[in-house]
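Using the sequences and the hints, build the whole thing.
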Amino acid sequence: MSFFEPFNIALQLLFSFDAELYDVIFLSLQVSSTAVFSALLFGIPIGAVLAMKRFFGRSALLVISKTMLGMPPVVIGLLVYVLISRSGPLGFLDILYTPQAMMLAQFILILPLSIALSHQIFEKLHSELNLFFMSLGLGELKRVLTLLCEARYELITITMVCFGRAISEIGAVILVGGNIKYLTRVMTSSIALETSKGNIAFALALGIVLMLIALLINLFSHMLSQSVLKEATNG
Amino acid sequence: MGKQKIAKNELITARNITFERSGQALLKDINLSIASGMITMLLGHNGAGKTLLMQVLHGLLEPSAGEIRTIGRAGQKMVFQKPVMLRRTASQYFDFVCPACLPHKKQDWFHKAGLTGRVNTPARLLSGGEQQKLSLIAALATQPDLLFLDEPCANLDFEAIDFVESELLGARDAGMTIIMSCHNKNQAQKLADYIILMRRGRVAEYAEKEHFFSSPTSEAGKEYLSYN
Chain A
4 MSFFEPFNIA
14 LQLLFSFDAE
24 LYDVIFLSLQ
34 VSSTAVFSAL
44 LFGIPIGAVL
54 AMKRFFGRSA
64 LLVISKTMLG
74 MPPVVIGLLV
84 YVLISRSGPL
94 GFLDILYTPQ
104 AMMLAQFILI
114 LPLSIALSHQ
124 IFEKLHSELN
134 LFFMSLGLGE
144 LKRVLTLLCE
154 ARYELITITM
164 VCFGRAISEI
174 GAVILVGGNI
184 KYLTRVMTSS
194 IALETSKGNI
204 AFALALGIVL
214 MLIALLINLF
224 SHMLSQSVLK
234 EATNG
Chain B
356 MGKQKIAKNE
366 LITARNITFE
376 RSGQALLKDI
386 NLSIASGMIT
396 MLLGHNGAGK
406 TLLMQVLHGL
416 LEPSAGEIRT
426 IGRAGQKMVF
436 QKPVMLRRTA
446 SQYFDFVCPA
456 CLPHKKQDWF
466 HKAGLTGRVN
476 TPARLLSGGE
486 QQKLSLIAAL
496 ATQPDLLFLD
506 EPCANLDFEA
516 IDFVESELLG
526 ARDAGMTIIM
536 SCHNKNQAQK
546 LADYIILMRR
556 GRVAEYAEKE
566 HFFSSPTSEA
576 GKEYLSYN
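Residue numbers (the numbering used here), protein chains in the order written: chain A, 4 to 238; chain B, 356 to 583.
Hints listed in this document are in silico derivations from the structure and should not be mistaken for laboratory results.
Treat the hints with care, since some could be wrong.
Only pairs whose alpha carbons sit at most 30 Å apart, straight line, appear in this in silico DSS-like list of lysine-lysine [claimed, not checked]:
(1) Lys56(A) to Lys383(B)
(2) Lys467(B) to Lys437(B)
(3) Lys56(A) to Lys437(B)
(4) Lys145(A) to Lys461(B)
(5) Lys460(B) to Lys127(A)
(6) Lys467(B) to Lys564(B)
(7) Lys540(B) to Lys467(B)
(8) Lys437(B) to Lys145(A)
(9) Lys540(B) to Lys437(B)
(10) Lys460(B) to Lys145(A)
(11) Lys69(A) to Lys127(A)
(12) Lys437(B) to Lys383(B)
The following block contains the structure:
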């Protein structure tokens, strides 16, 4: 296998609109973007509340969310597996080996990350702006909305970090998804499978596609940040 | 100084105010009344407690002990020593602080402050002096009954200081009550009606301006005025 062979295969697969490849790509994007969107929907408000409010159990919540940052995806996958397996407490959902199970696993994986990063951002902004807000007599909702608006650049970055973590993990999705062709096979699990079959060139090609997707997403994020920054600079 | 000071038409009354942080009393036995429609100037060395006293009187910090009677928060504004700027343009910042201000009034304020050319500049990219002026005009535009100013001229050039001083005197004459801190004795003589001298978290002297500068009664006052 020459150095350029995987690149050739990657390009051939992409431009021949290989059904299996595109199925894997779309499923990966669908699972990860749903998980990220849901995690941010919960994580950002929780991070904001942890930064702005002092209440019993706040420190414990912070410690738990930060501890879970280091939790290996495979352990999270195992926990979700136990939860949703037929004899588990959520077995009635009957979602084991479905994309929904993969979304749930990635959601649990990313939620602590979104909470920890949001908390860090909002705590800094809140300490800068709190007295100002108090002086203006702003209500709770206006404060939160203003903080969200002030944190817009950082929130784009948090979204990208969470998406990167979600789309690149394999341990959780392979455990609860089962790597079933045309159903739960995503890019990372597909790469693992092709490697185990000795199909290194194909696996590398998939890796290149994954890198390309990551590059495109980050390019989009960068352009979005720049346009927001330009808008602020030009008024 | 534990003795209570009473001003005519008092807008704020503070009784036995103490403020502690980490077991250390940063404000001690503050008893004072602030006159309505006057400029009360807080003087004192760095760390004397001027900013802290203003924040406590404004209600931003809860005193550890004592009682403050004042008007509602809606009628008060504060301009901080280091202006807090949002990630928006100068014009949008002004609207945020003073949402009820009419566009032509806003234009007038920007014109008077010499900020007309900076309307669409991001507030955080303004110079320190411009930020100071922007936060001041936005606060003045809300026409509060009570305005707290923490060293409002700290970053300003002579022209801007003239502008601020004339606006403050105009606001005072229109009935606004102003409590401000500064380190400039000339400015205090020019603007103040009353002087509060702070020393180590206590009110060392509280007097009408003329009395304070001509015949301070406290040792702290005499010492403070001995510096050029």
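Here is what the structure says about each hint:
1. Our distance criterion of 30 Å between C-alpha atoms is met by Lys56(A) and Lys383(B), whose separation comes to about 29 Å.
2. With a C-alpha separation of about 21 Å, the suggested pair Lys467(B) and Lys437(B) falls inside the 30 Å cut-off, and the hint holds.
3. For the hint pairing Lys56(A) with Lys437(B), the CA-to-CA distance comes to about 24 Å; that is within 30 Å, so the pair holds.
4. At most 30 Å may separate the alpha-carbon atoms for a hinted pair to count; Lys145(A) and Lys461(B) meet this at roughly 22 Å.
5. Proposed proximity of Lys460(B) and Lys127(A) is contradicted: the alpha carbons are some 34 Å apart, above 30 Å.
6. With a CA separation close to 29 Å, the supplied pair Lys467(B) and Lys564(B) stays within the 30 Å bound.
7. For the suggested pair Lys540(B) and Lys467(B), the alpha carbons sit about 26 Å apart, so the restraint of at most 30 Å is met.
8. In summary, the hint linking Lys437(B) to Lys145(A) is supported, as the alpha carbons are separated by about 23 Å, within the 30 Å threshold.
9. For the proposed pair Lys540(B) and Lys437(B), the alpha carbon gap of about 21 Å is at most 30 Å, so the pair holds.
10. Between Lys460(B) and Lys145(A), the direct Cα distance comes to roughly 24 Å. Compliance with the 30 Å bound is thereby established for this hinted pair.
11. Of the supplied pair hints, the one linking Lys69(A) and Lys127(A) holds, its CA atoms being roughly 17 Å apart against a limit of 30 Å.
12. About 25 Å separates the Cα atoms of Lys437(B) and Lys383(B), which keeps this hinted pair within 30 Å; it holds.
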